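There are 6 protein chains.
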Amino acid sequence: MDRLFCFETKDSCVGILSGVEEFRRYRERMNKRILSSNNLGIKMFFALDTRAYEKGALDTKTKGMLDLVASMVLRCSDCIAYHAIRCVQEGVTDEEFFEALNVALVVGGSITIPHIRRAVEILDQCRDLQKKNKHPGLYAGNHLS
Amino acid sequence: MDRLFCFETKDSCVGILSGVEEFRRYRERMNKRILSSNNLGIKMFFALDTRAYEKGALDTKTKGMLDLVASMVLRCSDCIAYHAIRCVQEGVTDEEFFEALNVALVVGGSITIPHIRRAVEILDQCRDLQKKNKHPGLYAGNHLS
Amino acid sequence: MDRLFCFETKDSCVGILSGVEEFRRYRERMNKRILSSNNLGIKMFFALDTRAYEKGALDTKTKGMLDLVASMVLRCSDCIAYHAIRCVQEGVTDEEFFEALNVALVVGGSITIPHIRRAVEILDQCRDLQKKNKHPGLYAGNHLS
Amino acid sequence: MDRLFCFETKDSCVGILSGVEEFRRYRERMNKRILSSNNLGIKMFFALDTRAYEKGALDTKTKGMLDLVASMVLRCSDCIAYHAIRCVQEGVTDEEFFEALNVALVVGGSITIPHIRRAVEILDQCRDLQKKNKHPGLYAGNHLS
Amino acid sequence: MDRLFCFETKDSCVGILSGVEEFRRYRERMNKRILSSNNLGIKMFFALDTRAYEKGALDTKTKGMLDLVASMVLRCSDCIAYHAIRCVQEGVTDEEFFEALNVALVVGGSITIPHIRRAVEILDQCRDLQKKNKHPGLYAGNHLS
Amino acid sequence: MDRLFCFETKDSCVGILSGVEEFRRYRERMNKRILSSNNLGIKMFFALDTRAYEKGALDTKTKGMLDLVASMVLRCSDCIAYHAIRCVQEGVTDEEFFEALNVALVVGGSITIPHIRRAVEILDQCRDLQKKNKHPGLYAGNHLS
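Residue numbers (our numbering), protein chains in the order written: chain A, 7 to 151; chain B, 7 to 151; chain C, 7 to 151; chain D, 7 to 151; chain E, 7 to 151; chain F, 7 to 151.
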């Protein structure tokens, strides 16, 4: 089960990231639809995409930041939403998060500023959720950009 | 008359692609406004744009897929909406449609996935409309990206 | 005080650009949030960004058009909204505005057309506001893309 | 054996596309090097890339043009060199080739013109090679962008 | 006759911009080749491109800088070479040139720095040529990016 | 003194990365030229760029990989050359390097493959230099993309 944006205790989901919940449902529904097609190439790509973010020589936290910066400089809103949440899930601190954004801002220029705002907005929503729960934690299901 | 997203029988429009209707009206209204300006260069470009999609050595179905893939890798939502519908209008099958998306996905990377979702959503809406009508058919007026 | 999108008389703001007001508030709130972080690099970049649009060897009107064209070919909606309004504020005429759009359209291709529509929509809203007020004028606070 | 840019008779390679031969060797050597690494993800992506261009619901000629246009609007020189040759190999005529370029030019704008020149230069080199040989034909080994 | 990069006295060309001369010849030769094809759309686009840079509501100097900045943020080397020379031809001063580059740098980010270097190199070559000739002046033939 | 691409023992530079040495000299010369202009904005941006890569909440090794991936997906050859070398200097292992490339490949698509080849070529050159010297080590002077 994909409960990507869900903060959970041991037994249940105790908080939903309100602003992105609609996006999450749409994304989940459409990904299923796409994978139900007979196009093997697309299915393989989705598998490859999930795989790229698994722990290897680099840990998942570092990979989360690599994805966030790549999404920032390419200015993909949905990808940024996804990867910003992943970064929080992987334990990226606020200081680390802002430094990653700074790298993206310097490399990609002021054209990335609207997406900087979006990433910080999501960061703040995640922090709010974390404060509300005694046992904050995030569970990420299968990954797709 | 531009009735781009309208499924029609011989005499009347019998179905509207709900999700994109508002976009169509906005697009139509603004294109008129732009063409009402005195800028000859912009007018000529719009004519050139329409012309590029007419049948020549390549048929309009092939051109439709060329446009769809170009719009996908450049990640232009409105352009994708437009060209996905055009592809359906030109008789592109689901299998062909997904193969074109696969080319875009491999060339453009996971950053195109949000637009893959969008294109498939529109494809499904078009197929629904086609099923509802006994004489499915689409009439496209003048083209503008 | 940043009252970027506000047409004002000497004493008060007499008109708000309706369509973009929500965007303005969001933008203002998030910029403050970002600047409240401890990341000096981002703060310095924001200062640099503001500075780039101040009068120097080039006047602010010319710089406004440079920014508009750069935002157009990079297809950044929020940046276009911002810079289109700035161009009006700097006294760019309709003819000049459309010529700048034409340069962007020719250089950037039909993929920019959705953003051409957006820029013209904002231009028209600004002109409407200017007509409604006896003493049209715009005051722009600190700049951020 | 990868003899991508080689025109051949039944038994042997009878012509090499001079301008791109150095590129071909470099490309072939580095692809081997990359595939010799232990990174499974990259290997899988390369396989996926090859697969995307094989005949399916769409024939290889149509896919060749989809790739050419995608490479053009993303302005990737090496990719254009590769896909322009592939188009010739798949039997794309000059008229079809120029129409595909026109689509890319209109969608991508004048910024693609340097790559239009490059694509046409390669087309002409291919045609010259085809004229020199009694049994023109091209054999493409494994594909990688 | 297209003598774009040629500094001339009244009667003859007295200086060639060394570093870009080879590029100029290639460009001129290929443009002729492209225009010799039967593709009307491409011919019309080239005409449109030339037209976009002619004096209108905006003077050619301002348009030269708009093009330079657009080429910079899209990072097109050949386009930058062309438009940097045009800017010199149109009388853009060093201070104005650097301010335009600064706008491009801030909007487009550090990813544009390699092209900043290229633009300044060409600026310096143009200034050297201007110093060597008593009657500096540039004649630009038909324009194509 | 900027000796970016120089492998050194305690007392002297003992190896130069052959393939990129010419690039290094050009880059160094032009950066000096650019900084000699009177444009304060550009100078400040260069300072900001250097600053973004210094150790903060994130270490320089992680930042090196963030930059490499950002340069890869934006497909900037010079930037990739620079950041690939920096990664080696910061102690990135081959496995880590390839995983970072894989992230860029999946996010950015096959259009990045020519730059994957380039990055691996530079990695190999760096490893060769490191083997030749008993006390491998790299010293990087001021940073500019």
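Hints are computed from structural coordinates only; laboratory data are not their basis.
Since we're looking at a predicted model, the values are computed, not measured.
Heads up, a few of these hints could be off.
Copies of one chain are not kept apart here, so a pair can be met inside one copy or by any two copies together.
[To be verified] Straight-line Cα separation of at most 27 Å, DSS-like style, residue types lysine-lysine; simulated pairs: (1) Lys-67 <-> Lys-138; (2) Lys-49 <-> Lys-138; (3) Lys-38 <-> Lys-138; (4) Lys-61 <-> Lys-138; (5) Lys-38 <-> Lys-61.
What label fits Lys-67 with Lys-138 when the C-alpha limit is 27 Å: within, between, both, or neither? So Lys-67 and Lys-138 pass the 27 Å test inside one copy only (23 Å; across, 35 Å).
With identical chains, the pair Lys-61 and Lys-138 could be close in the same copy or across copies; at 27 Å between alpha carbons, which is it: within, between, both, or neither? neither (29 Å within a copy, 33 Å between copies)
Is it within a copy, between copies, both, or neither that the alpha carbon of Lys-38 lies no farther than 27 Å from that of Lys-138? between (32 Å within a copy, 24 Å between copies)
Are the CA atoms of Lys-49 and Lys-138 at most 27 Å apart within a copy, between copies, both, or neither? So Lys-49 and Lys-138 fail the 27 Å test inside a copy (38 Å) and across (30 Å) alike.
Indicate which option fits the pair Lys-38, Lys-61 if close means a Cα-Cα distance not exceeding 27 Å: within, between, both or neither. For Lys-38 and Lys-61, both the intra-copy (25 Å) and inter-copy (25 Å) Cα distances are at most 27 Å.
This entry does not satisfy hints 2 and 4, going by the numbered hints stated previously.
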